[in-house]
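S.K.: So you can see what is in the structure, the chains are spelled out below.
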Amino acid sequence: MNCVLTVRTQQSGLTEFTRDIDTIVRESGVEMGLCTVFCRHTSCSLTIQENADPSAREDLERWLNRLVPERDALYTHTAEGPDDMPAHIKAALTATSLGIPIMNGALVLGTWQGVFLWEHRRGAHTREIVVHIGS
Amino acid sequence: MNCVLTVRTQQSGLTEFTRDIDTIVRESGVEMGLCTVFCRHTSCSLTIQENADPSAREDLERWLNRLVPERDALYTHTAEGPDDMPAHIKAALTATSLGIPIMNGALVLGTWQGVFLWEHRRGAHTREIVVHIGS
Amino acid sequence: MNCVLTVRTQQSGLTEFTRDIDTIVRESGVEMGLCTVFCRHTSCSLTIQENADPSAREDLERWLNRLVPERDALYTHTAEGPDDMPAHIKAALTATSLGIPIMNGALVLGTWQGVFLWEHRRGAHTREIVVHIGS
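Residue numbers (the numbering used here), protein chains in the order written: chain L, 39 to 173; chain H, 39 to 173; chain X, 39 to 173.
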């Protein structure tokens with residue numbers, strides 16, 4: 039079973055959407071299986087991170103921005119704006135797809151794990167995520 | 039269903055092979071499912087990136103080469119050549135496997151997404167990729 | 039089929055557990071399918087790397103420690119110790135899940151590939167890995 043999710047982002051950074059995936063898994067009725075989450079973009083990505091303390095996510099965002107800054111003299115791909123090439127690099131360093139097993143009808147995420155869309159562009163975007171549920 | 043693909047690389051950098059995976063998906067006859075792409079090597083890797091403008095891929099390659107240069111004094115694993123240890127590090131920072139859902143008999147890749155083998159060694163190589171199609 | 043594995047780590051670095059996954063695959067009796075390995079933590083991660091020469095793993099660990107050092111002035115998430123925020127960043131840069139096809143009843147790993155838990159915290163930890171076997 040496949041399902042297309044829309045995640046709206048306001049600016050760069052991490053947006054949690056674990057609950058949306060949880061709902062899809064529950065409604066699928068699958069007790070034991072595999073949930074695959076796929077991001078249909080090359081300037082945002084996926085990550086599983088701590089969802090308790092927001093400071094961890096803010097540090098992640100600021101650390102990655104320092105590693106991959108805008109207006110690096112190395113970039114030649116600049117036609118789509120100063121945040122575009124850094125966004126592609128950040129997407130390459132993180133995940134485009136995630137596979138999460140399902141047990142007892144629920145994702146086997148650890149206590150502190152949440153699933154996040156990591157927006158790497160500056161502006162607001164509507165992002166498409168495809169969720170596949172298999173047995 | 040599994041299928042072994044061969045991707046030939048001439049030098050380091052990104053080689054697109056989306057079309058080869060597309061063919062396997064189409065021939066499988068699976069309408070709704072999951073395609074998993076797996077790289078059988080530790081000195082090259084996989085990435086999903088923009089396949090429109092080649093400058094984005096060239097910047098990715100040059101950025102990663104600067105982050106993980108050859109002949110870093112830190113390396114002790116140098117017996118297999120100056121490009122070997124950087125290749126392992128680059129592979130660890132990118133993907134060895136990718137899961138891409140299948141809908142209506144086709145990969146759900148976004149408009150600008152292509153699947154690439156990222157060769158991290160300098161010379162020509164023949165790389166093995168295993169593609170699994172499940173329901 | 040799902041199986042929960044426990045991997046004990048003594049300190050930060052790579053611990054191979056390919057054999058544990060091999061055993062699960064063999065006991066599942068699945069001849070052709072997909073094995074997904076999932077890490078239930080945000081301060082350790084997964085990687086597939088060369089399992090022949092230990093120096094490659096030691097270089098990986100030292101390189102990543104240099105890229106993501108402790109006590110970086112950028113960090114605000116410091117309440118859980120100096121090794122906690124670096125651990126989250128390292129986990130984001132590596133893999134939380136891996137998909138490995140199964141052919142002829144065995145993982146299709148390349149000759150030099152092993153599956154490793156990459157511990158990013160300093161102390162000893164007991165880590166939970168979920169292995170899913172699908173067809």
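These are computed hints drawn from the structure, not numbers from a lab.
All values derive from a computational prediction rather than experimental measurement.
Check each hint, because a few of them may be wrong.
In silico contact screen, one side only, chain X against chain L (beta carbon under 10 angstroms); selected entries [said to hold, decoys possible]:
| no. | residue |
| --- | --- |
| 1 | E108 |
| 2 | D121 |
| 3 | A162 |
Computed list of chain X residues with no C-beta within reach of chain H, every gap over 10 angstroms [as the list claims (entries may be wrong)]:
| no. | residue |
| --- | --- |
| 4 | Q48 |
| 5 | L112 |
| 6 | H163 |
Covered by chain L, per the in silico footprint, the following chain H stretches (three or more residues, Cβ under 8 angstroms) [claimed, not checked]:
| no. | segment |
| --- | --- |
| 7 | 63 to 69 |
| 8 | 111 to 120 |
| 9 | 130 to 137 |
| 10 | 161 to 172 |
Think of the CB as a built atom: it goes at the ideal place given N, C-alpha and C, for glycine as much as any other residue.
S.K.: All the hints need checking, so say for each whether the structure fits it.
M.R.: Against the structure, the hints come out as follows:
1. E108: Because about 13 angstroms separates X/E108 from the closest Cβ in chain L, which is outside the 10 angstroms limit, the hint is violated.
2. D121: Violated. Min distance 13 angstroms.
3. A162: violated, 18 angstroms
4. Q48: holds, 21 angstroms
5. L112: Holds: least Cβ distance 17 angstroms, greater than 10 angstroms.
6. H163: holds, 20 angstroms
7. 63 to 69: violated (count 0)
8. 111 to 120: violated (count 0)
9. 130 to 137: Holds, because 5 residues of the segment 130 to 137 of chain H bring their Cβ atoms closer than 8 angstroms to Cβ atoms of chain L.
10. 161 to 172: n = 1 at 8 angstroms, threshold three: violated.
In summary, the structure is inconsistent with hints 1, 2, 3, 7, 8 and 10 from the numbered list given earlier, while agreeing with the others.
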